[in-house]
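Chemist: The lines below spell out each chain.
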Amino acid sequence: MKDAFGTPQSLLVLGGTSDIALATARRLIARRTRTVWLAGRPSPELEAAAAHLRGLGADTHTVAFDALAPESHEAGLGKIFAEGDIDMVLLAFGVLGDQAGDERDPLAATRVAQTNYTGAVSAGLVCARALQAQGHGSLVVLSSVAGERARRSNFIYGSSKAGLDAFAQGLGDALHGTGVHVMVVRPGFVRTRMTAGLPEAPLATTPEAVATAIELGLRRRSETVWVPGALRLVMSVLRHAPRSVFRRLPM
Amino acid sequence: MPAPTPPSTRTVPLTGWGRTAPTAARLIRPRTYEEATDAVRACGALGARGGIARGLGRAYGDAAQNAGGAVLDMTGLDRVRTVDADAGTVHCDAGVSLHRLMEVLLPLGRFVPVTPGTRQVTVGGAIAADIHGKNHHVSGSFARHVLSLELLTADGEIHTVRPGTPLFDATAGGMGLTGVILGATVRLLPVETAWMSVDTERATDLDDLLARLAATDHYYRYSVAWIDLLARGASTGRAVLTRGDHAPREALRTAGWAWGTRARGARSAERDGHPSPLEFRTSRLPAAPSFVPEGLLGRTTVGLFNELWYRRAPRSRTGELQRLATFFHPLDGVPHWNRIYGRSGFVQYQFVVGYGREEALRRIVDRISTRRCPSFLAVLKRFGEGDAGWLSFPMPGWTLALDIPAGLPGLDAFLDELDEEVAAAGGRVYLAKDARLRPELLAAMYPRLDEFRELRRELDPRAVFVSDLARRLSL
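Each protein sequence line maps, in turn, to chains A and B. For the first sequence, counting from 1, position 176 maps to 176 in UniProt numbering; every step adds exactly one. For the second sequence, counting from 1, position 228 maps to 228 in UniProt numbering; every step adds exactly one.
Keep in mind that the hints are not guaranteed to be accurate.
To be verified - Just the calculated beta-carbon pair ranges, DEER-fashion:
1. B/Glu307 - A/Gly197: 54 to 62 Å
2. A/Ala82 - B/Glu34: 30 to 38 Å
3. B/Thr282 - A/Arg239: 30 to 38 Å
4. A/Gly57 - B/Glu307: 55 to 63 Å
5. A/Gln169 - B/Ala288: 41 to 49 Å
Please keep in mind that the hints were generated in silico from the structure rather than gathered at the bench. Cβ atoms here follow ideal geometry from the backbone N, Cα and C, with glycine treated the same way.
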């Protein structure tokens with residue numbers, strides 16, 4: 001069960017090797033979290049992540065999960081929920097893609113969309129139903145500021161996150177009053193493996209800062225969390241900027 | 001005859017009084033013992049998520065929530081069955097509130113044996129949390145005054161449970177996890193009036209407070225100290241003590257009352273401006289608004305309130321006549337006062353440390369004061385002998401209770417540190433108020449926890465009775 005501060009005792013991470021997810025798990029393990037499920041494609045990295053969290057004192061399991069195989073989600077995730085209550089699901093999988101390459105290769109672009117959006121719709125709905133049945137739990141969805149308004153430089157990734165963001169908001173409304181809490185997290189540029197080698201955007205942040213914001217959001221039962229918080233203001237300005245201006249912004 | 005309609009059920013989100021950690025459950029409202037039995041049978045059939053009884057929802061934490069399962073709203077079982085005025089006992093349903101009991105009993109010259117800071121608790125809840133009041137140092141906790149209770153267990157049977165049996169001791173303070181309490185027979189206190197004779201004094205710091213309480217508490221049936229936890233330095237722990245007893249008729253006469261033989265006729269008494277001395281009157285202010293901005297109760301506002309509250313109290317006053325409700329239940333005057341903490345809600349932290357552990361108490365008060373937790377409802381009192389309930393909270397010693405907004409940054413880690421201090425001093429925190437204890441510490445605080453778990457396993461192998469509290473702390 002979650003405590004009065006929204007800190008979960010059990011955590012399921014979808015996308016178990018995500019830097020942000022692991023920073024969040026570390027933070028929560030330092031509080032109340034004792035059981036962690038890391039779901040992802042079987043890999044030495046996933047096992048290493050599990051071993052690392054185990055070393056921090058959590059009872060950690062790995063489980064095979066592929067965002068691109070939605071037909072397997074119901075059975076695979078169902079097994080985890082059958083083992084006991086999950087107080088928090090962190091939906092953290094996603095790929096950035098390679099914008100220039102993907103524009104030339106529609107199939108590669110589709111893979112980004114399928115991972116970030118279609119996979120999340122399927123996994124999100126499966127988890128939402130399980131959380132609703134247990135009458136409690138938080139579904140934390142890692143969206144992105146890129147989804148707030150698609151930019152020339154990464155609109156394939158941005159559009160997939162926009163879809164995910166809209167889906168998660170709607171899901172949150174659908175689950176209002178069921179004891180299940182959906183929280184959309186919109187980080188800006190986060191220094192992770194995913195963004196390694198990319199030019200850094202203004203207001204860049206770290207996985208640890210995102211983890212801190214997630215913990216605070218759980219406590220406040222927030223519906224939307226921006227990391228850093230200043231992005232809320234920045235993006236609300238950018239969202240209303242005229243296309244002709246927005247197009248020319250150096251982003 | 002038409003078939004009785006089944007009790008209504010609907011799925012609703014529920015929280016405790018602290019308004020943290022909402023979870024959804026099917027709410028069932030039985031109105032008879034038979035309907036309650038059916039409801040418990042249905043809980044058993046629901047699968048793994050079971051059911052738990054809920055009264056008026058004044059437990060601060062998650063004791064009366066059951067995520068994904070059933071919650072039995074017991075307020076439909078609200079009959080006062082028999083009052084034996086000579087013996088001074090009442091037999092009533094578990095869903096009867098202490099407020100209702102006071103309305104019924106005061107005109108007969110009887111009062112409930114133990115009342116907490118609110119009248120809005122049910123008899124069943126009072127037993128399940130084994131509540132205490134300002135008279136604990138004299139009268140012990142609620143279950144001490146229970147002569148017998150009817151318990152509906154997981155097998156769907158109703159048992160009459162008497163004190164001195166393991167089932168009674170597991171149920172008193174057992175947070176509803178041994179079964180559904182359906183009714184109880186409770187021993188009452190004789191009173192002559194519905195008024196309290198109250199002495200008020202100020203203590204300038206914690207040492208002064210402890211000394212005054214230790215030296216003079218036994219002169220009073222009721223005793224409590226409001227403590228200013230925002231005061232620092234030399235005035236750390238300054239407090240206002242309010243202590244008293246039920247006022248005898250004589251005290252009212254001295255105060256200028258004249259009711260004589262006409263007192264029984266309410267109308268003529270009203271005409272005189274003096275109602276019956278046993279008339280139970282309460283006052284209500286407007287309810288707290290449903291939306292309160294976050295952070296309204298910060299250090300400045302609460303600090304200001306505390307300053308005024310302390311200054312307003314007389315240095316020393318004796319024999320003041322107060323209405324029962326004013327003395328016992330000041331918060332009941334503001335309906336929904338729990339909303340004032342805004343959306344994040346609040347946690348109430350109540351612990352006890354034994355006599356001889358005053359050092360631990362001082363350290364904790366120091367830490368709270370230094371940290372500047374904005375708490376304006378901090379209460380210190382002395383407990384007397386503990387009772388037999390396995391998970392019953394009171395034990396001989398000092399107990400401190402305080403409200404803190406849950407949104408305060410770093411509060412979770414801070415309270416964990418206080419828990420460590422409490423556990424190391426052989427103390428414990430109160431489960432009826434808990435919403436955040438680290439499960440690992442529970443066994444140290446409640447040495448009879450294993451017996452409790454063992455009895456539950458035997459009595460309820462399918463875990464028909466379960467709550468969020470039970471899940472969170474593995475009760």
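Chemist: Range first: 55 to 63 Å. Now tell me if the beta carbons of A/Gly57 and B/Glu307 are that far apart.
Modeler: violated, 44 Å
Chemist: Starting from the hint 30 to 38 Å, judge whether the C-beta atoms of A/Ala82 and B/Glu34 obey it.
Modeler: For A/Ala82 and B/Glu34 the Cβ distance comes to about 35 Å; the hint holds.
Chemist: Holds or violated: the 54 to 62 Å window for the beta-carbon distance between B/Glu307 and A/Gly197?
Modeler: The hint (54 to 62 Å, Cβ to Cβ) holds, given that B/Glu307 and A/Gly197 are roughly 58 Å apart.
Chemist: So does A/Gln169 sit 41 to 49 Å from B/Ala288, Cβ to Cβ?
Modeler: violated, 30 Å
Chemist: How does the Cβ-Cβ distance of B/Thr282 and A/Arg239 compare with 30 to 38 Å: does it lie in that range?
Modeler: violated, 53 Å
Comparing the model with each numbered hint stated earlier shows that hints 3, 4 and 5 do not hold.
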